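Visitor: For this one, chain A is given, so just place chain B on it according to the hints.
What follows is each chain in one-letter form.
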Amino acid sequence: MNYFNLEIVTPTRIIDEGEVSYVRCPGLDGSFGVMKNHREGIIALGVGEIKVDRNGKEEWMATSGGFVEITHEKVQMLLESIEKSEEIDTNRAEDALKRAKKRKSKIDVNMDDARMDASLMRAINRLKVAKR
Amino acid sequence: MANLKDIRDRIKSVKSIQKVTKAMKMVSAAKMRRAQDRMEQSRPYSQSLQEVIHHILPDVDRDMLPLLDVRKIKRKAYIVVTGDRGLAGSFNANILKMAQNEIDSFGKENVDLFCIGKKARDHFKRREYKIIESHVDFWAEMEFDSAMMIGRSIIDHFVSGKVDEIHVVYNYFINVGQQEVKSEVLLPLVYDENDSAITDRLYEPSKDALVQSLIPRHLNVQMWKYLLESYASEQAARMMAMENATTNAEDMIKDLTLQFNKARQAAITTEMLEIVSGAEALSE
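Going down the list, the sequences are from chains A and B. Under our numbering, the first residue of the first sequence carries the number -19, and numbering increases by one thereafter. Under our numbering, the first residue of the second sequence carries the number 1391, and numbering increases by one thereafter.
If we strip away everything but chain B, and leave its shape as in the complex, we get:
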């Protein structure tokens, strides 16, 4: 039987771990709520933008904008969005697994990587993938400008012809308990060709010029969306993981307390046995 002091120490340490996980859960919950609010705020903008582009695009010559350029795919770029920190259940692992599978099936040497979040950077650096750029440590003060900054260099990479297709692997936020790893094509833009154009509308300065200014904006918003979705998912995943950790700690404390009491009683019983048998030996 384990001795009493050992068990008492273990109970103490589990209790202090539980305090930490509880606090982390609460912090994540608050952060997630904020991220969720921002996500909801950004949705109308991206939706309206998308609708407008849908309306105009059928009338526009695709050769005009390099961003609409559909080329034969020789090289790809992957944008992998993870968090900076662990302790979020399988959040980072799922993303990295999916990204790596896709990259390996296309051929590691033909893929350029943009890593967002420390976990992605470290993972792919260790395995010697070709990382073009990585962005870390910006989540706390994430603004729309950060999305624009990240977007700019990625768009340049496509426009200059270094890659022919850009994929994004990120966590899509379904609800608090559910996130889905998604892989989407960011560039070149593809749209249903059968969208009906609305006629008799005023376009100023011109449809072409509008598309030229709309599409970079659309990509920035897209980037912003990926960041927000991923951030909200990360916080949600961490919240769930910490919630589980807290309940597990609770179970452990229960088990350990039971063990402790058993050990204590056993100790008392042996002690009493010793006294009684000692007394009996004397009286004889």
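So here's chain A without its partners, still in its complex pose:
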């Protein structure tokens, strides 16, 4: 198996994943996988789940977007937020989902559509990852 180094960086936290064999990222137009010797590049990421495969051991994480920088030496993800599946507080996530749904159902002049949809999407995503 071929391994590469994965590092996840957010404004408040750094996770050094170390050697991994595969990572699946939520791209803007669908998920894509990265393995060793991937072409170098910078790819934007949206709200979604990240799957990290370390020798058959899987790990799931929820993110609200950012981008990934792939070089021959390592893969670095620069994300706005990251939560591992075991860290997600399911109750809180469900509350957030309820709130977001409620907001969507009544017209709120103070919230623009894009922001409302984003919070709904984030809440759904976190719940999905939490159940992995």
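Note that these hints are calculated values from the structure, not bench results. All the pointers check out, no bait thrown in.
For lysine-lysine, the following DSS-like pairs were computed, each having C-alpha atoms within a straight-line distance of at most 30 Å:
no., chain 1, residue 1, chain 2, residue 2
1, A, Lys64, B, Lys1421
2, B, Lys1615, A, Lys54
3, A, Lys64, B, Lys1615
4, A, Lys31, B, Lys1597
5, B, Lys1597, A, Lys16
6, B, Lys1466, B, Lys1520
7, B, Lys1572, B, Lys1615
Since the structure is predicted, the reported quantities are computational estimates derived from the model, not experimental observations.
Guide: Relative to chain A, chain B alone:
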């Protein structure tokens, strides 16, 4: 000679002040350590972001993004970052002095102000500067979201063309004993044009779209950095100020104790003199 009771009271009050300054010093030290940790955590993100932007920017058309727009400077906005509270040595005073100097030299009537921290707000409100927005009372539960919230309205102010340049005046954290007041240009973004672009790289969805999403993020991180630097500096400045206050109180207690003992001995001496001379008068 001051009387004994007065001196004793003063010693008591200085001692209780010393207790307070000591406690404040300890609290600030703990807060500063936390802020420092957060600062270190945020550095890799902002650095990597900056590098990526540097790589892409030479290939991107500057007219595309309003945030890259370089206009003739008619109006400026200043973001002044201070603390909510005093008792931090010259921390707030230095910032306010520098900000006011810069604003006055450009012309007070052509400057919009964003005040972060109570001290900045109060200072400029009293002097009737034009304050657009002020953010206070958020330091204790400061999160990345607060930076994003503050950043959003400031960016809007620039994009809508109300001002042509945005400056930030804040305290830069060098180390515990040293902070430097800095004034930086936040917008429009300027970069060295001679950065070499890396070729043969995959950009998805496209370079333009990437820059569009990267630059607002970069500004948020920048804002976050200013808040963290300022907060750490404030706590460090307070810690040093309280440390000095504690040693000064110690000196004062020493002086006062000496005075007290002198006064006490003088009192004893006079008393003895009185007794002896009284006894002598009787025996004669």
